[in-house]
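As they're listed, the protein sequences go chains W, B, P and A.
Everything in the first sequence is counted per this note's numbering, starting at 237 for the first residue and increasing by one.
Everything in the second sequence is counted per this note's numbering, starting at 237 for the first residue and increasing by one.
Everything in the third sequence is counted per this note's numbering, starting at 237 for the first residue and increasing by one.
Everything in the fourth sequence is counted per this note's numbering, starting at 237 for the first residue and increasing by one.
Hints in this document: simulated from the structure, not taken from any laboratory.
Just so we're clear, the structure is a prediction, and the values are computed from it rather than from any experiment.
Be careful, since some hints might not be right.
One copy or two, it doesn't matter: identical chains are merged, so the pair holds either way.
[As the list claims (entries may be wrong)] Restricting the straight-line Cα-Cα distance to at most 25 Å, the calculated cross-link-like pairs of lysine to aspartate or glutamate (DMTMM-like) are:
1) K523 to E266
2) K496 to E284
3) K523 to D583
4) K496 to E651
5) K547 to E266
6) K523 to E380
7) K331 to E284
8) K331 to E429
9) K523 to D357
10) K496 to E429
11) K331 to D663
12) K305 to E662
13) K523 to E306
14) K496 to E306
15) K331 to D478
16) K547 to E507
17) K496 to E615
18) K547 to E369
19) K547 to E306
20) K305 to E284
21) K496 to E662
22) K547 to D357
23) K547 to D570
24) K496 to E436
25) K496 to E471
26) K305 to D478
Number of protein chains: 4
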Amino acid sequence: MTFPYAALALADNQRSLWMDAYLGVRRRSEALCTPLSPEDYVIQTCPEASPAKWHLAHVSWFFETFLLKEYLAGYTEFHSAFGYLFNSYYEQIGKFHPRHERGFLSRPGVEEIYRYRAHVDEHMQQLLYSADESIWPSIRQRLEVGLNHEQQHQELLLTDIKLNFHANPLRPCYRSDLPQIAGASTPSLHWVEFPGGLHEIGHEGGGFAYDNELPRHRTYLYPFRLASRPVTNGEYLAFMDDGGYGTPRFWLADGWAAVKRLHWSSPMYWELIDGVWWQFTLGGLRKLNLNEPVYHVSHYEAEAYAAWAGKRLPTEAEWEIAARHLPLAGNLADSSYLQPIVAADGDGLQQMYGDVWEHTASAYQPYPGFRPTAGALGEYNGKFMCNQMVLRGGSCITPADHIRSSYRNFFYPHERWQFQGFRLAEDT
Amino acid sequence: MTFPYAALALADNQRSLWMDAYLGVRRRSEALCTPLSPEDYVIQTCPEASPAKWHLAHVSWFFETFLLKEYLAGYTEFHSAFGYLFNSYYEQIGKFHPRHERGFLSRPGVEEIYRYRAHVDEHMQQLLYSADESIWPSIRQRLEVGLNHEQQHQELLLTDIKLNFHANPLRPCYRSDLPQIAGASTPSLHWVEFPGGLHEIGHEGGGFAYDNELPRHRTYLYPFRLASRPVTNGEYLAFMDDGGYGTPRFWLADGWAAVKRLHWSSPMYWELIDGVWWQFTLGGLRKLNLNEPVYHVSHYEAEAYAAWAGKRLPTEAEWEIAARHLPLAGNLADSSYLQPIVAADGDGLQQMYGDVWEHTASAYQPYPGFRPTAGALGEYNGKFMCNQMVLRGGSCITPADHIRSSYRNFFYPHERWQFQGFRLAEDT
Amino acid sequence: MTFPYAALALADNQRSLWMDAYLGVRRRSEALCTPLSPEDYVIQTCPEASPAKWHLAHVSWFFETFLLKEYLAGYTEFHSAFGYLFNSYYEQIGKFHPRHERGFLSRPGVEEIYRYRAHVDEHMQQLLYSADESIWPSIRQRLEVGLNHEQQHQELLLTDIKLNFHANPLRPCYRSDLPQIAGASTPSLHWVEFPGGLHEIGHEGGGFAYDNELPRHRTYLYPFRLASRPVTNGEYLAFMDDGGYGTPRFWLADGWAAVKRLHWSSPMYWELIDGVWWQFTLGGLRKLNLNEPVYHVSHYEAEAYAAWAGKRLPTEAEWEIAARHLPLAGNLADSSYLQPIVAADGDGLQQMYGDVWEHTASAYQPYPGFRPTAGALGEYNGKFMCNQMVLRGGSCITPADHIRSSYRNFFYPHERWQFQGFRLAEDT
Amino acid sequence: MTFPYAALALADNQRSLWMDAYLGVRRRSEALCTPLSPEDYVIQTCPEASPAKWHLAHVSWFFETFLLKEYLAGYTEFHSAFGYLFNSYYEQIGKFHPRHERGFLSRPGVEEIYRYRAHVDEHMQQLLYSADESIWPSIRQRLEVGLNHEQQHQELLLTDIKLNFHANPLRPCYRSDLPQIAGASTPSLHWVEFPGGLHEIGHEGGGFAYDNELPRHRTYLYPFRLASRPVTNGEYLAFMDDGGYGTPRFWLADGWAAVKRLHWSSPMYWELIDGVWWQFTLGGLRKLNLNEPVYHVSHYEAEAYAAWAGKRLPTEAEWEIAARHLPLAGNLADSSYLQPIVAADGDGLQQMYGDVWEHTASAYQPYPGFRPTAGALGEYNGKFMCNQMVLRGGSCITPADHIRSSYRNFFYPHERWQFQGFRLAEDT
């Protein structure tokens, strides 16, 4: 599958390219669901992990709500109840079905969801080809948000399938045909230095960005060093073997409370079977590869490891300064591993993009001068700027054309079901 | 569909009749699922309501565990994990999957469940035809329990589909082709008298009974009267209109706590839409028929209504004494209404069997001299003899050949998702 | 302290005797609080255990509400908010302060509570001496309820002090001067037989009884045997050593769930210190005496022990038939042990009264023909006739003149903070 | 009462001045408890609000643990269990009593707590006079922490008395003799401008500071304006009247969830009685003065108000830059109002110190280069640097010599029981 989407920066007004991009994103969502049975589409095993069919419908609702109902004259919604069922959290649009009950719905069934998608696709094509030039810029702008939105849900679709499958003692396998790289050794860790001073961070322009990446602004940094690669399973195991999960002084107070409340003693998805560590992956249960980056660890665990190691996590500004001149490449979803792989050898920073979302030390807060997008779309990012932490760099299930140096992902510090790892930092 | 099962009392040793009975029960379970999509089989919207595919598998596990693995030499279980997944609560058999996580399992899928059923059916046939005479009596006894067990789950399948569908704002309809009887009026209520004195209750022999119906024993009753028919929707509405749900003196203390905690203001499945009461049924949303028996009311609500009406609920002994000479007939599952209907006119007791399970005033406790069945099957009934209340008479979704005057059903006093109604009693 | 109250049966109309009884009961409540500091009066460590000062105030509110405000012309209540604060659960009287927040109130302070008591006492004396003969029978009847009510709270005062003190790691001692009987051995257990047949149970008249002991009525019993004494700590320890708390087949389903949810592994108040069992008592921590009756076990534990022992619990009718001709004597509160003691040797039934409340197999339900007392006092007993189990015989903290053979106490089957033990029964 | 403590910056080594400071702080804690009855010392109505006697003991435990046991040869602890009972959260010191059970303890009683205090005071005096010069610097440093620590608890003592008293329907009054200022009008709000650029924030040296105020470091700010005074009750009421609590778009997502979960419809401690707003204060229930600063609002409410007003909250850096040249004066605890008062007229910023802790837009995170204090004292601040928000400036119950421009207070964004208000900011 190729994604013409990346070419769009140069082609603002070529509607056919936009249509290709639209169809490319839409088809990819469906391709991700190929391995699923109708039953697999339905389940939700915790409030955070939505059913696959909900994701497929919600992203369609997004186009329907913010584009078709706004801009396509005479458009009739596919089903009058879908606004209620598939609005995620947009309070300004209207009431919505409770998040934790998404797995209660056997209807609409999978086939009807695909009919809904086809209905939306058909009318989106109609809109994109027929829209008057006067409203095209607005349409194009929202279309871009819609495509990025669907890409985010492609990633969530995979995290949620993994989580929902993991609740099954049969440990179902999402895809048994994933490539694996055998027994590489971990490259030794070195430190890359960066100078302090006044820097600018935030989106520079020239392509899409979410409102939370703006405005670009000055920030003062002290000199720092970044680890050349993320922490590996082997390194993390040393922390565990040293009593990491039983030593409160390594932990934030809320982190320690989480350890006790949630009975953590290893990263999520790890299983100790007859003295051997295994890991549940999208390719099923695999023996833990000590050389791969550790993932499915919470912010609290990343902080505790760093305290144990005598280091710290990078701030999001440090991460961005370090990443901005690196090529936008790595083990992203398009590589098809769907699993972090062993870092390559090399002088500079490895695995900044892809493999694992990297925890930062930064609370998710508005940049100076931040203004949320007007209207209901303003709820996309801004209202979550409290109690969450920033992660950077994308993971092995992030679409390759969806990531950039200024991209800010955010989760609560106790959450572990995303593909989250971390890299250490220190002061110079 | 006809059920040869009723003829079996006379035919203890005719294996082909038993096989017919077995296949009849098994096919009926599957027939009940005909209206379901694969997605419908999966969902569980509260811990009490199991997914349809769980029911289909669990009843098969029951035959596999208590018959095939015990008596069929060389039998290999269909899947080594199914014992864990489909054991409901038999602690002596082994560990089991948590009840509230039954809806977390998309796998095994519906097709695999049906293959499991076919596997069990094939081997059950082999067992029934080939078993040595010496073990036939044991097999026959357990087979009978297994058939009754599956019939119970046929009823639960329907109560759970109803509950699980009700959690969907689309209010899916299980069967749109159910017959309905239009606008009859309620026959007036009269009281039927019964003398006091020493009576015997409990199963008399001559056919199957659960261990909890035994031993037959003497009990002393004071003279009493029973209402000729159950309380209707219209009568219950009068209680509601008189402030029933807002007046604590009608309620048991725990009942009043339930009213406040669960925000009850009407029977379950009632909906007030633009000033008109509707009722969610297996045939979808219907306008409330005031002449039909009220159902989906808890024991607490039945007690409160009785207190309001200046009457009481019958004890289970009173109910049984009153019912034992009545013909075993009524609006049971085989009538295909799947909904209580308006009582017929007539002198005596109406609707004792079928329509609605009738709440009694009796706590579910062991009869004098009760001994649970030996082994794990002893967990079927005995361990639940605390905190629950007895209901009698079957409902419109109970298989016709599954009910009898000594039959004791039991639920917690706050539960409402079963097809429960009630009839009043009073002292003479 | 002597209690003239027992003489009252013969002296219905001698008001000075009633006044003596009133003052005797009132003074005893206060005497029970002598060992308490002001801080001790305040705490509530779980919803079930009210603060001592709440008990002292609530029983006064009872006299104020049901006697002074009803019958004493011109009576002004002590404080307008006390009706709200000290009504326990009488919905018909008015709103009341949430039970679980009783320990939130530092005001009214202890001194004010004693002023409240003095105020009520003064006006009660005025009422008892001045009331017109025409209303004396009503007053006398309610006075009797009020005195019995205060006696019940004397017992609860002690159970709650014990529970509240136990939450303190310092293990405070309520009274260090309690007598103890050293090292007796347990008399061997024998079985006492009783014939079956029609019996009458319930209060016979001739003295006070609660409404729940009425009406006296016929019940049919099968022949049975009762153990000559309650189960001892030593016997219970054998059950524990045999894996009692880890073997689900001994347990009711709800009991087993309680074991796991509440992490039970011994009776309440037992502590294993360096391999030795200790027991928290009203006299502080004591080494466990294996010969004393086991107590602070729930109904579930009593049932599990009985199942393990191959016996059963007696029904309340059996217990009453066995007890009714025994002298009303035993280790009751007036013996001042405040702790069960070793049973005496002897032929017949030992320790039927006093020592420990005895669990029965009977759910707490209305007797045939039961009518609750009219008005708000009807809430005293009747509304609790669901989900609870009957206990019989009083304990070592029950006032001696408060118990009788027909007395029905009741608690939820998981509760353990009362002085509850049990005796076994079996069918003949 | 005068506090010689402020003079200490100049007098590092004058032990008698340190002793005076010590005794001054200790006596003030006790003076704050003068209005309490023994019962008042005991209660805890929610996990956040500790009993008064716990505060008095905990601060003594702090001196005992970090000074007496470390530096006073031969010191014997007052009670071997107090380490368990009065350690708040120092994991490295040892296990501690659960926070939510502090109100379960009637013993040690109030008198024993005062004996504990006297014991600690006596030995602290001994230590301060006798300690060798070689260890004096360490002692002096920890003494200073201990004194600041006790001052923090003086403030918490008042917030917790207020909260605990509020749970009582009698609405007890802590002090009826507090001064009040009648009916002033609010000075009109104006905006004070500050230039952007590189600034330094954090403690400058020259006096005590907590580790979390360090290191002093550079930060880049954009030009901004601060409101001349905090938001008043009247202004906040306009937000409420405009539907503030019912309009999700003003709220952070977690804030809106809190509004619904906690049923907020006004600031904490407000009561609408017959159409008039009252406010519960340390001086009892008072009519709401519309001109006083609003307080007992959470971070979420401050954010929602700011969104409604089209402004924002200041960052902690902005606040500090604005405050650092202002005199350290205001309505602090020593003014004895114990309640925010109406702002004075004037050109510049009013009420930056005292009256209400001011919410900022800043998450509580470590400053660049932050190192927690070594050892268990490092748990004082650092481990809480997640999920909390910074507040600045002290309140009307903060000791006057306890506040400074670099002082960072921190609470969770839903908490309201502290004396928290806010001032608006905007970009230039």
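Here's how the hints hold up against the structure:
no., hint, in the structure
1, K523 to E266, "neither (30 Å within a copy, 41 Å between copies)"
2, K496 to E284, "both (21 Å within a copy, 19 Å between copies)"
3, K523 to D583, "neither (29 Å within a copy, 70 Å between copies)"
4, K496 to E651, "both (15 Å within a copy, 23 Å between copies)"
5, K547 to E266, "neither (43 Å within a copy, 43 Å between copies)"
6, K523 to E380, "neither (40 Å within a copy, 47 Å between copies)"
7, K331 to E284, "within (19 Å within a copy, 28 Å between copies)"
8, K331 to E429, "neither (50 Å within a copy, 42 Å between copies)"
9, K523 to D357, "neither (42 Å within a copy, 39 Å between copies)"
10, K496 to E429, "neither (37 Å within a copy, 48 Å between copies)"
11, K331 to D663, "neither (48 Å within a copy, 34 Å between copies)"
12, K305 to E662, "neither (51 Å within a copy, 36 Å between copies)"
13, K523 to E306, "neither (51 Å within a copy, 37 Å between copies)"
14, K496 to E306, "neither (49 Å within a copy, 30 Å between copies)"
15, K331 to D478, "between (50 Å within a copy, 21 Å between copies)"
16, K547 to E507, "neither (28 Å within a copy, 45 Å between copies)"
17, K496 to E615, "between (34 Å within a copy, 18 Å between copies)"
18, K547 to E369, "neither (55 Å within a copy, 36 Å between copies)"
19, K547 to E306, "neither (51 Å within a copy, 30 Å between copies)"
20, K305 to E284, "neither (28 Å within a copy, 41 Å between copies)"
21, K496 to E662, "neither (29 Å within a copy, 42 Å between copies)"
22, K547 to D357, "neither (50 Å within a copy, 41 Å between copies)"
23, K547 to D570, "neither (33 Å within a copy, 43 Å between copies)"
24, K496 to E436, "neither (40 Å within a copy, 39 Å between copies)"
25, K496 to E471, "within (23 Å within a copy, 37 Å between copies)"
26, K305 to D478, "neither (58 Å within a copy, 30 Å between copies)"
In summary, the structure is inconsistent with hints 1, 3, 5, 6, 8, 9, 10, 11, 12, 13, 14, 16, 18, 19, 20, 21, 22, 23, 24 and 26 from the numbered list given earlier, while agreeing with the others.
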